Amino acid sequence: MIELEPGNTLEIRLKEDAQGRDCVEVALQAHRCSLNLTPHQARVLATELIMAVNRAEVRSNLKHNQEAARGAQPIEQRRGLFNQAFAK
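Start counting the sequence shown at 7; every next residue gets the next number (my numbering).
It is worth saying that the hints were derived from the structure and are not from the lab. Predicted model only: the values in this text are computed from it and were never measured. Glycine included, each C-beta is placed from N, C-alpha and C at the ideal position. Keep in mind that the hints are not guaranteed to be accurate.
Cβ-Cβ distance ranges computed for the label pairs, FRET-style [as the list claims (entries may be wrong)]: (1) Arg76 <-> Ala36: 26 to 32 Å; (2) Met57 <-> Glu9: 22 to 28 Å; (3) Glu11 <-> Ala52: 21 to 27 Å; (4) Pro12 <-> Gly77: 34 to 40 Å.
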């Protein structure tokens with residue numbers, strides 16, 4: 007169970023349908039709705055969620071790195087340090 011907000015949870019359960027096949031149920035408590043997926047559909051959904059989270063994390067890291075770069079030394083100072091390090 008995942009608590010989305012107070013009084014609203016998302017539950018994921020393994021169930022069996024009328025024919026005896028496995029089914030993954032994703033139920034949203036507050037709206038009393040559910041989504042019944044085959045194991046393959048549930049796997050595809052999980053993959054899509056993971057990929058979206060990875061994209062969000064990459065985007066966040068890029069924004070953080072850009073902000074950190076803005077606060078860094080001016081390019082001329084960095085070049086000077088680079089040249090000093092590799093001066094013959």
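key: Violations among the numbered hints, reported as their numbers in ascending order   = Number 1 - this is the single hint that the structure violates.
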